[in-house]
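Here's the letter readout for the chains.
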Amino acid sequence: GDSVTQMEGPVTLSEEAFLTINCTYTATGYPSLFWYVQYPGEGLQLLLKATKADDKGSNKGFEATYRKETTSFHLEKGSVQVSDSAVYFCALRAPQGAQKLVFGQGTRLTINP
Amino acid sequence: GAVVSQHPSWVICKSGTSVKIECRSLDFQATTMFWYRQFPKQSLMLMATSNEGSKATYEQGVEKDKFLINHASLTLSTLTVTSAHPEDSSFYICSASGTSGRVYEQYFGPGTRLTVT
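Top to bottom, those sequences are chains A and B. Heads up, the first sequence is in my numbering, so the first residue is 13 and it goes up one at a time. Heads up, the second sequence is in my numbering, so the first residue is 563 and it goes up one at a time.
Derived from the structure by calculation, the hints contain no laboratory data. Everything hinted at is true.
Derived pair list, reagent style DSBU-like, types lysine-lysine, alpha-carbon separation capped at 30 angstroms:
no.	chain 1	residue 1	chain 2	residue 2
1	A	K89	A	K112
2	B	K576	B	K626
3	A	K80	A	K68
4	B	K576	B	K617
5	A	K64	A	K89
6	B	K617	A	K112
7	B	K603	A	K68
8	A	K61	A	K89
9	B	K617	B	K628
10	A	K64	A	K80
11	B	K603	B	K628
12	A	K61	B	K603
13	A	K72	A	K89
14	A	K112	A	K68
15	B	K603	A	K112
16	B	K582	A	K112
17	B	K628	A	K112
18	A	K68	A	K89
19	B	K628	B	K576
20	A	K80	B	K603
21	B	K626	A	K112
22	A	K80	A	K61
23	A	K80	A	K112
24	B	K628	B	K582
25	A	K61	A	K72
26	A	K89	B	K603
27	A	K72	A	K112
28	A	K112	A	K61
29	A	K72	B	K603
30	B	K603	B	K576
Derived Cβ-Cβ restraints for the label pairs, each shown as a range:
no.	chain 1	residue 1	chain 2	residue 2	range
31	A	S91	B	F601	31 to 37 angstroms
32	B	K626	A	S70	38 to 44 angstroms
33	B	D589	A	F30	35 to 41 angstroms
34	B	V565	A	Y42	29 to 35 angstroms
35	B	T644	A	E28	48 to 54 angstroms
One-sided excerpt, in silico: chain A residues whose CB lies under 10 angstroms from chain B:
no.	residue
36	Q18
37	Y48
38	G55
39	R105
40	K112
Glycine included, every Cβ here is placed at the ideal spot set by N, Cα and C.
Between the sequences and the hints, there should be enough to build the whole structure, so can you do that?
Set out below in structure tokens:
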């Protein structure tokens with residue numbers, strides 16, 4: 013079945029550091045790919061998405077590119093802030109019209125000032 | 563827009579009792595709602611998908627008689643954990659999406675932490 017694998021956390025960085033959180037997936041066809049963020053005490057929020065190969069999703073300085081050849085959707089940010097501290101989830105949605113999301117295990121990110 | 567609320571945000575109940583969790587879409591009509599369970603430091607596990615006015619579809623391994631889901635209106639779905647046991651303690655998250663021939667994004671509630679003593 014479909015699955016998502018994320019780099020294990022927790023990840024701790026200093027403010028203004030470069031961030032990469034790896035995400036790879038296994039799926040049939042061309043799924044849509046997502047990054048969700050969960051801030052402390054809040055629900056998951058959609059951070060960015062890409063629906064086809066080579067698409068780049070971006071939001072709030074975060075970027076991720078849909079790489080079909082490596083089945084990856086790595087999350088990057090050039091300069092992180094303390095306010096980026098949260099748990100990040102990579103997810104996919106199968107291409108056949110189903111709404112079901114399959115999530116990775118989540119990566120906890122802590123940014124120190 | 564696209565706000566989803568859950569109530570209660572946390573609940574403690576005794577073993578053997580039942581507890582109901584509500585999920586509401588506040589500013590849109592949700593024809594489909596999802597219920598997830600999240601264990602500490604683990605991912606979200608989809609429990610079931612419910613469409614307004616019809617029976618929920620449960621994922622493999624989820625006991626439908628234990629986790630009763632009712633999607634009675636376009637803005638409300640409830641999850642009832644019946645005869646709760648300590649192993650049911652978890653973080654339950656709902657999400658909602660609206661459809662009209664298209665697939666919309668899922669919007670997530672803040673979650674409900676259930677502790678069974």
